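K.L.:
With chain A's structure known, arrange chain B on it following the hints.
2 protein chains.
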Amino acid sequence: MINLDSLGDIKDFDQGEVLTSIRRLPEQVADAWKQVTDGEVPAACRLAKNVVVSGMGGSALGARIADSLLTDKARSPIEIFTEYRLPDYVNQETLVIASSYSGNTAETLTAAGEAINRGAIVYGVTTGGELARLLSQKNIPYYLIDAKENPSGKPRLGIGYSIGAILAVLARCGFINLLDSEVAEAVEEAKKFVKAFGPTVPKEKNPAKELAETLYTKIPVLVASEHLFGVAHAFKNQLNETAKTFACLFDLPEADHHLLEGLGYPEAAKAFLHFLFFESGVYFGEVKRRYSLTQEVVGKQGVSFTNYHLTAYRKLPQIFEVLILGSFVSFYLALLHEVDPAQIPWVDYFKAKL
Amino acid sequence: MINLDSLGDIKDFDQGEVLTSIRRLPEQVADAWKQVTDGEVPAACRLAKNVVVSGMGGSALGARIADSLLTDKARSPIEIFTEYRLPDYVNQETLVIASSYSGNTAETLTAAGEAINRGAIVYGVTTGGELARLLSQKNIPYYLIDAKENPSGKPRLGIGYSIGAILAVLARCGFINLLDSEVAEAVEEAKKFVKAFGPTVPKEKNPAKELAETLYTKIPVLVASEHLFGVAHAFKNQLNETAKTFACLFDLPEADHHLLEGLGYPEAAKAFLHFLFFESGVYFGEVKRRYSLTQEVVGKQGVSFTNYHLTAYRKLPQIFEVLILGSFVSFYLALLHEVDPAQIPWVDYFKAKL
Chain A
1 MINLDSLGDI KDFDQGEVLT SIRRLPEQVA DAWKQVTDGE VPAACRLAKN VVVSGMGGSA
61 LGARIADSLL TDKARSPIEI FTEYRLPDYV NQETLVIASS YSGNTAETLT AAGEAINRGA
121 IVYGVTTGGE LARLLSQKNI PYYLIDAKEN PSGKPRLGIG YSIGAILAVL ARCGFINLLD
181 SEVAEAVEEA KKFVKAFGPT VPKEKNPAKE LAETLYTKIP VLVASEHLFG VAHAFKNQLN
241 ETAKTFACLF DLPEADHHLL EGLGYPEAAK AFLHFLFFES GVYFGEVKRR YSLTQEVVGK
301 QGVSFTNYHL TAYRKLPQIF EVLILGSFVS FYLALLHEVD PAQIPWVDYF KAKL
Chain B
1 MINLDSLGDI KDFDQGEVLT SIRRLPEQVA DAWKQVTDGE VPAACRLAKN VVVSGMGGSA
61 LGARIADSLL TDKARSPIEI FTEYRLPDYV NQETLVIASS YSGNTAETLT AAGEAINRGA
121 IVYGVTTGGE LARLLSQKNI PYYLIDAKEN PSGKPRLGIG YSIGAILAVL ARCGFINLLD
181 SEVAEAVEEA KKFVKAFGPT VPKEKNPAKE LAETLYTKIP VLVASEHLFG VAHAFKNQLN
241 ETAKTFACLF DLPEADHHLL EGLGYPEAAK AFLHFLFFES GVYFGEVKRR YSLTQEVVGK
301 QGVSFTNYHL TAYRKLPQIF EVLILGSFVS FYLALLHEVD PAQIPWVDYF KAKL
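Which chain is which? The protein sequence lines are A and B, in order. Residues 1 to 354 in the UniProt record's numbering are what the first sequence spells out, letter by letter. Residues 1 to 354 in the UniProt record's numbering are what the second sequence spells out, letter by letter.
Here chain A stands alone, though its shape is the one from the complex:
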């Protein structure tokens, strides 16, 4: 097993610039926020009655994060669709944001074409590809990501662009109130987490390294609520793609109504489960109380868990804290398994055969 405190070991396994991309997540957010704030958005977007974001995998994560942050402050329903089709209600009064990092995601291209046909108010977020060609041809505004802060080239590691862009377009179109200064402060806090979880901080002081070692032989079962649910989804996907590790995600209070009962069988598999709770001081009061009680019930049934108590105070910085924690935990876990954190051979195999 490699030593997570050995910078040489880390460099040997990280041939794809994953570490550099993780470190630059805050800069990605800042860059996207600025570009979209200064760029063109659809003139009619302020009149939209609802918002649909179409994106898959890494390209949907920015929207999930924005959506769970915004539940309590958006003026219209915002729905994320990870399918080929759009919901039937999409029409001239819907803002459709087509998000595809590569610009070549089949589902999103189909949905974008459908949105254009229905006369929806369309905006795009992409590094190029077919999506950029389609939108250019139709004179539809989009944010062309200049991905210099994501040298790995992997969509899931360019998620900062997607988060910054979607927050910015929603703010520009009047769906949320979010100030330049709030984003700038959150980006500065995010940079502190990049340092705190980074490879030069030794194991005993580094929660990301510690968590990676805890999860080494485990199936991570993530539990989050409210504004942290979307970013916990990103954490789970990174565990899959970067660490090649199976993982599940649940939300409280909902999981208290069924999952607590689901820890009996299979008995021999219980030793593999490890619950990871994301506890926040800004959750709704009743939800906060549920965290300790849920942990008690999980523990009483002989299932191990970690409670990660968020250290940032406000919602957006907490989201970045989980994002950066998840990115580093997945990275370290890949190294412990001695696999390349950049490559996704099965997803590539699948796409080639499709």
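Worth flagging that the hints you see were computed from the coordinates, not collected in a lab. Warning: the hint list may mix true and false statements.
Put simply, identical chains are the same to the list, so a pair is met inside one copy or across any two.
What the hints assert, rightly or not - Below, in silico cross-link-like pairs of lysine-lysine (DSS-like), each with a Cα-Cα straight-line distance of 25 angstroms or less: (1) Lys351 - Lys300; (2) Lys192 - Lys34; (3) Lys353 - Lys300; (4) Lys191 - Lys203.
Bear in mind the structure is a predicted one, so any value in this text is a computation, not a measurement.
P.N.:
Using the frame of chain A, we list chain B on its own:
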């Protein structure tokens, strides 16, 4: 281990009338559809611009099923909230459906009070409790479930009422087109599945018994798409509550973008995973192609799976097929583990301590 073909064994373990409630799921749907179709709904509901359903656990499942059925034919966004709070956009133009089987669910009561305060168009679905008292006092119409077809008294086994009621109120309010005759035909088909999966049909001809035996030592990983995603959620919850079994749920095409990569570790846990795919002939063409290819990739990584190909032809009957299959599989799996399928001691413990 008990013999699933022994009616005596089954009766010994099922002291809580679970089997009777499962058998009457079709009658629950029919009864709720009729009562809500003939009853009072809010006069203004046809003018609503969007719909929010508030419900937890078993009481949210009807809405999830309706929502995933309706994605492609609803005239407005329909969102399900399983939290204490309502989204900020809820106002006088929102239809809020408060669904709580017991009528005493803390989250739903809080959300219903908030909806009333904001002047939303409110409707309720409940067997009584605080929710019935609150709505009666405010002269707000609701469907008072007369739960004679659910002798177990468990909300998850009264899910037919919730499905029938939510479909009916959405149809009454003009959000979906659904005819009496379509519902009646689907209910008749559902009755056939009750027979086909029931205890008198022996193992070798009974897919529900066969699946329960397959899953006996496994963590079920359910995979579904489109109209079947909501009911797969119900299947997962029943595995937790009825069979006390841990389970996860994923949707295609989304899972192809990350989960395929997450089957490497922990290596020793892979033997516990068993994927259960719900393949439907009415999925979108590209989605159908993904099922066989996803199964190939899962199999190549040494993970076992079952492909359940839906036998009903249309969407609503397929939803009932999965609902009844899941109810019976969970029931048989509880018996194999020799646990009472009715009791949910940990959820009860949790609620008592909250």
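K.L.:
Now look at each hint and say whether the structure bears it out.
P.N.:
Against the structure, the hints:
In this homomeric assembly, Lys351 and Lys300 come within 25 angstroms of each other (Cα to Cα) only across copies, at 15 angstroms, whereas the closest approach inside a single copy is 43 angstroms. In the homo-oligomer, the alpha carbons of Lys192 and Lys34 lie at most 25 angstroms apart inside one protomer (21 angstroms), although the nearest pairing across protomers, at 59 angstroms, exceeds that limit. For the identical chains of this complex, Lys353 and Lys300 are inter-copy neighbours only, at 14 angstroms across copies versus 46 angstroms inside a copy, given an alpha-carbon limit of 25 angstroms. Taking the shortest Cα distances, Lys191 and Lys203 sit within 25 angstroms of each other inside one copy (19 angstroms), while across copies they are farther apart (59 angstroms).
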